[in-house]
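Quick mapping for you: the protein sequence lines, in order, are chains A and B. First residue of the first sequence? That's 1 in my numbering, and the numbers climb one at a time after it. First residue of the second sequence? That's 1 in my numbering, and the numbers climb one at a time after it.
It cannot be assumed that every hint is accurate.
[Stated by the list, open to error] The calculated BS3-like cross-link candidates involving lysine-lysine, where the alpha carbons are at most 25 Å apart (straight line), are:
#1 A:LYS178 / B:LYS375
#2 A:LYS184 / A:LYS65
#3 A:LYS14 / A:LYS178
#4 A:LYS178 / B:LYS110
#5 A:LYS178 / A:LYS215
#6 B:LYS72 / B:LYS375
Everything labelled a hint here was simulated from the structure, so no lab data went into it.
Each chain, letter by letter, is given below.
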Amino acid sequence: MALEQYLRERLKHKDMLLMTHVVCGYPSFEENLKALEVMAEFDVDLVELQFPFSEPSADGPLFVKANQAAVSSGVHTRDCFQFMKKVAELFPFKLLMMGYYNTAFKLGEAEFMQSLQAAGGSGYIIPDLPLEEAGEMHRLSAEVDLDPIILMTPTNTDARLKTLGEAAKGFVYAVARKGVTGSKTQMDAEVTSFIEHCRQYTDLPIGVGFGISDKTDMDFLRGKADIAIIGTAALKKWEEGGEDALRGFFSELLG
Amino acid sequence: MSLVKSAEDREGYYGEYGGCFLPEILTSTIEELRHCFDECKNDPTFWAEFIALLQNYSGRPTPVTYLENLSKHLGGAQIYAKREDLNHTGSHKINNVMGQGLLAKRLGKKRVIAETGAGQHGFATATMAARFGFDCKIYMGAVDVARQRPNVFWMENLGAEVIAVQDGQRTLKDAINECLRDWVTNMADTHYVLGTACGPHPFPEMVSYFQSVIGREAREQIVDQVGRLPDKVYACVGGGSNAMGIFQGFLDDKDVELVGCEAGGYGPGPGRHASRLAYKDASVGVAQGFKTYFLQNDDGNMLETHSIAAGLDYIGVNPILVNMWENEQVRFEAATDDMVREALQLVMRTEGVIPALESTHAFAQVILEAPLLGKDEVILINQSGRGDKDIFTVADAIDDKHWKEFIKQKAVEYGA
């Protein structure tokens, strides 16, 4: 099922979906699997599998550390695709590749896209690939029915949001604030009006991410966003206390 | 003379290299910068204002010095040096920084951030910020902070905050990542003063544009002194800003050979050097906002780099130079750490000049090649910076006993 259709089906039964994030191979693929099991218990709808990169310049400190540890422990692109395939077989949620453009570029864009499809991915989020440079990637992914997830941000002009809206597929990732991943976002009227603003330029479901970390944030987003995106907060919990801490985190988040 | 032009239909591309690969959140910021730079380029008063600032504040024009003793010693070509080491703050970095300072003022920014490797760019940026009244934060790899303490000292005393970056290899590339992270957060009031001719468009072109002052001056000076153009022009290449600077003076002169000298470190082999083009360990990739040759592995993750000169210790290289290299408009060579140590001692003893370890890479290559040339041939080297800042590294490298005694004595005085 295509990503957008999948999300719309799920939205018939849930008022807001949940997308989570795992850095492939950090702390290890085994631990990734355990974390994903917990996420599946809580009926997570969508998971970003981040392919580690040595220069994660759009990420905050915790993901930077995770990327670097994974790279130094010898995690390769092919390991990430193998892992994705396994995860796709084991779990019901849909999977997105998240990472930096060089990973796809170095492998070869066509091979990257074929591998992503073969691994059971639904699309990809590449924050350092702006639309102007994404022509070939978007063409290749359209051929194999994979969705490029487009980010809309609070600094975009209306004209830019329009262009982004026209290119978007699957869903739109609305970046709740300036900055890198992992810092707290003040959920306020500014975030609300930003999401509303994004709606003017897309009919796709909207996921909201960057700095969403607790139940209060979730309650705030309900009725405004279609998907809440949790990244750093979950990894932080995993680091604090593994499966139990992560389970506690999701119970509270969704309670 | 021709300034650098992008490929006709792709702004910011030079052949296949360059481009602008930034997170969406910076789209408006980079557009604003591109627009402002275009305006400045087309405003004849801007270049005049820029040159006046360099003349009145940072010491331009810098001279071209005939290195007669070194030329005689080597027994071949006549060697001249463009003395960028005589700029305020001790290197060519100030040219770009003052230019970007003027831009930041036009953009209405209140704060500047910069990455620095050797510390020369950070030092220059801190100076500019003090002069223009900007708040200033400098990101510097923790490894570089450790090996370039004197520059950190000056930056801090000029009022800048220096952040020792602990991520990754803790060198220049990691400092650039930290700057990008700061910029995606604070772009509203902050200009990122990128120090080398790398990163997303328009930086490679913009930094080259400001540094072209070196080549414009040097061409005129050498013709004045020698009565003709040089046969070869040498410059060290880290990111490529000083090389782009001097090379631009000679782009239309087909008989002038341009030679870029990279950091050969311990010699060829992945992880042993910072040479992207002269050695065969780099390949095309996209990182830190642009497409160029990077020292990376098959997965596109960056390799460790090494150089005795912190300012050359970088994974990527200016995309304009890569395009010129492919078109055989510039030759690339690498000088190893050992060649650089020897070259520095020879140049100091014969000429009484102290090039920075970075610039000494160009001297090392000249020392190899000059003896093979005729006495009537003319070589111009860009002496991009001065070596005083390298006192700790050089003293270490040449194992200077008196210096070590002095440091021990100081340590006792400080109660270590």
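Query raised in the report: CA of B:LYS72 to CA of B:LYS375, is that 25 Å or under?
Result: Status holds; Cα separation ~9 Å.
Query raised in the report: Given the hint that A:LYS178 pairs with B:LYS110, does the C-alpha gap stay at or below 25 Å?
Result: Holds. A:LYS178 to B:LYS110 sits at ~18 Å (cutoff 25 Å).
Query raised in the report: Within 25 Å, alpha carbon to alpha carbon, are A:LYS178 and B:LYS375?
Result: 60 Å, violated
Query raised in the report: For the pair supplied as a hint, A:LYS178 and A:LYS215, is the alpha-carbon distance within the 25 Å limit?
Result: Judged against 25 Å, a Cα distance of about 22 Å means the pair holds.
Query - Distance restraint between A:LYS14 and A:LYS178, which requires alpha-carbon spacing of 25 Å or less - result: 29 Å, violated
Query raised in the report: Is A:LYS184 within 25 Å of A:LYS65, Cα to Cα?
Result: Distance ~18 Å between A:LYS184 and A:LYS65 Cα, so the pair holds.
Figure legend: structure checked against the earlier numbered hints; hints not met, in rising order: 1 and 3.
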